[in-house]
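J.: Next come the chains, spelled out residue by residue.
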Amino acid sequence: MNDPGQGPSPVSLDIPIVEAHALRKQFSTALAVADLDLQIAPGEILALLGPNGAGKTTTVRMLVGILRPDSGHIAFRLDTGGRPGAAARAVSRPDPTLLGYLPEERGLVRDVPVLRTLEFFAELRGLDRATARARARDELMRFDLGDRAGERVDRLSKGNQQKVQFLAAILHRPRLAILDEPFSGFDPINQQRFVAEIRRLRDEGSTILLSTHQMDLVEQLADRILLLDRGRVVLAGTLAEIRARTSSGHRLELELATDLPLTALSALTGVERAEPAGLRRVALGLAPGAVVGEVLHAVTGLVGVQAVHSAPERLHEIFLRTVGRDLAPEELTASDRPGVKEES
Amino acid sequence: MIGRRAWAVARWEFLRFAKAKDFLVTLLVTAAIYGGVQLLGDFARGRSAEPRTVAVVADGRLDLDSPLELAPFRFLPEPRGLAAADSLVVAGALDAVIAPLDGDWQLRVARERGWQELLRVQFGALARQNELQRLQLDPDVLAMLNTPPAIATVLIGPGAAERKQRPGTVVVIVVIGAMLLGLFTGFGYVFVAITAEKTQRTTESLLSILSPQEWIDGKIAGLTGVVLVSLLNYLAAWFLWQAVSWRFFGGSVALPSGLGSLDLVWSCLFAAAGFAFWFTLFALVAATIDDPNSSGRSALMFLPFIPLGVVFAGLDTPDAGWMRTLALLPGVSPSAMPVRILRGDPAAWEIALSFGLLLAGALALRWAAGRVFGASMLMTGKEPGLREIWRWLREK
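Line order of the protein sequences matches chains P and C.
The opening position of the first sequence corresponds to residue 1 in this note's numbering, with each subsequent residue numbered one higher.
The opening position of the second sequence corresponds to residue 1001 in this note's numbering, with each subsequent residue numbered one higher.
Extracted from the complex, chain C is given alone in its bound form:
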């Protein structure tokens, strides 16, 4: 619990950094960026929609009398022969030539590219169809041969009916990305708020009123609030762009699928507790920095970004042993457990234990930060060493 004075500090920090004008500008600029990215993507997709032209020198092996479009390729019959087709590829007028080679086919190109894999698959299917048609099979038989068997997913075991659909990788990346964005934003706010206070010498006035614990509690609460509002602002910008897009370009609003409300609640809880955990550590480190321009300790503040990077490696194996372990560690759990919740199958006790450990870790860090904060905020001209910090932690 934090007291009245700590709330006054929280309000002060919140109002100091959460400026309505800045949020409005960010909202509009971010919405414009979302729009720009989407329009650029559409443009790029439109460009790549131009089919690649492939000449087919069939030599009687394939029935192709007229151009055939199979996106993203256009197959053109080339009756003039291989040499003529090759010269067009070399001149850049064609993308590729396909011709018989012994009993198989050959792909003739100026250089190897990624799209040629798809071309192999597409042309293979085309050639197979052609051979089936030459067999003059019954149309029903032909249709049966052309239809691959459907494989449905059936959930089994107790409570299978209630089990959720999993959100796609993009949704999980967005959740982790939001965490990353929040950490970066919070890192900036905490760093500026504390080092500026040290250099502007506001410390003594405040420490004659507040205990260091009240001060740091208020700071963390206020700055966490600013970061959460910032993230909501980015979300609002996305909705704003969706609304603009729907109004002027038509289509429908794209909502993430497979994201349950409980998933969101847990993700938000882990994010908020994770921000509190990491911002407390940021505050502790920032308080020991004497000159923010030259201190090597600034690098310590990038520590939380390591677990975030590691967790990305576990997106496809959320229930692997190492991910289960990471999801229990305070500091890593804010990013690892949401991945498990969204993509894996953590047991309820694992989620509860992970959250409990995170809260306990945050409280322990809060206690340590209060000790270090009070002493190091008064220290100017030098930075406390580890031995000194250890002594402050042990002082009664």
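Next comes chain P alone, as it looks inside the complex:
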């Protein structure tokens, strides 16, 4: 398992496989991306994080060439995989045979059989028909869809359609796979399966750009994280680097003997916030410099404590703390605003 929180970044950005500089995209009423810099190292899993409207999807769409940035430039070195000497061969548009893209807005033609759908996308991505067919059959078997190959796409469940869409994006084994919200719509079991699949994809040589809201999965997967807010990068680095940079205090998880209002706990000296963490369990985020013993002493003065766990701050909490400036509800839920161009 990749554990970015436990050590230095394993990737080198000397010759990035993708390099974007000063990207900017303005829509009629909103600045979606503002002077964004981004580099993806060969072989890494880079996660784009941010609330809805942060500019993740607009960034992704500019990278795959669907949207044109108002200013800034993008350079790809997919054919050489970022090896030394490749800098001179950078191109501004990715070769589609080296790119895999799973869009946030999923969609497959419903009245066409699964196998033919996969063949079509693989053929467009440069595979010959025989290889596309053989590989599609193998992958369908691996994803427990071997016996559904001849069925129309709309006969599959939503989860299985997601699998087909994922396979359509990666069947040609791309150098760079850009996966926008790859886990949405999956149950926890399939989410874990996809974590393994994405890791497998990386182990087979693909570089991966991940855009997702699932913080716990990002913690498991990502080598580096780019946290966006209002079109700008607000945090970047490995999880360990981000934790160090945000200088957050400890996180205590307490099992209480009786119920206690969270407001009473969050009012204690040294406690920044208190959140529910299960039945009679609360998580306390401590202020930087707060002394754990003093906080515990204060808590036990209010309520009996049966158990105490201490852990570093989770990405979810860093995310909320960093961009948690009065997030509007729509920023934390799936966007249903019309118009692809206006989404980000």
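Hints are computed from structural coordinates only; laboratory data are not their basis.
Mixed in with the good hints there might be a few duds.
[What the hints assert, rightly or not] Computed cross-link-like contacts, DSSO-like style, restricted to lysine-lysine with a CA-CA straight-line distance of at most 30 Å:
| # | chain 1 | residue 1 | chain 2 | residue 2 |
| --- | --- | --- | --- | --- |
| 1 | P | 158 | C | 1021 |
| 2 | P | 158 | C | 1382 |
| 3 | C | 1019 | P | 158 |
Once you've looked at the hints, dock chain C against the given chain P.
T.: Below, chain C without anything else, positioned relative to chain P:
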């Protein structure tokens, strides 16, 4: 020229809509419809073959002693007089009565009908024959008087011997009808293929691989292929019915006369280029439609049917000035020029110019459609206005 990826799209679109099972069902059903129409026609003609009965109160003016059949009429002598004959007409037992009126004849009927014109002609000829016979002329003289002079058509001018025989109106109507059928079929396919893709959100996946131009090229090529195969299927159904008819009912296979192979080649070329032209426009309009159930733009897709209707008015005047002009306009020429080729005498340069302009128009439309397609396929929730479309066309 379209590239490898566009051909992959063309194959995909073709296989998506051209289903062997559907074609087979259409072949059999259409053959059955052809047969049904022909049998119904034969039945109707058989019914109308029943002669209309006309009583003739001759009063010595006509030598008619026994019933005389002159299809589609049967003339019956009526010695009982006018009142008796009139009462039979009123009762519906007779269709008409003919009787002398002063020096001429009168036709007495319950109401006026179209067949009475033919009756006038037929009875006039009968009465004239009767009068000639009463003159007791020499049989040769009588035969000479009864034989109208033959008028042969002689083609004159340079190359008259090679000039073609003109196909009948029915053949031209069939050619234009096939064009109409192809447009309707293509309209359905293009509309469904594009609006469904928009609503099913396949756009982003494809636009990350293909340029809008490759996408629309592949779509038009694939769907034009489906339409041409559909038309061939209707033609095959006609041959199937002809074979069945020949096997079970005898007779011979009716082939259109006066249709030269070069005429057919040109008609097919104009049809294929016309389909490409109009389907590209269909694709352009369909890409700007957000909700196919409520968009007023669907009506724009009926635009190509107007020139087809206009061209029907020129079937009898294919070389008139207005038809010559229409036959040069891209979009109208796919229907107007075949009419001129089949029924008129277009110069070779007119055909070449018309085809060249059609191809140029199709290429210009293809370019515009590529521009509009890429931008509007990504737009959901609203439809682009004319100003927006104009901006996309001008963007570098």
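J.: Output the numbers, in ascending order, of every earlier hint that fails for this structure.
T.: none
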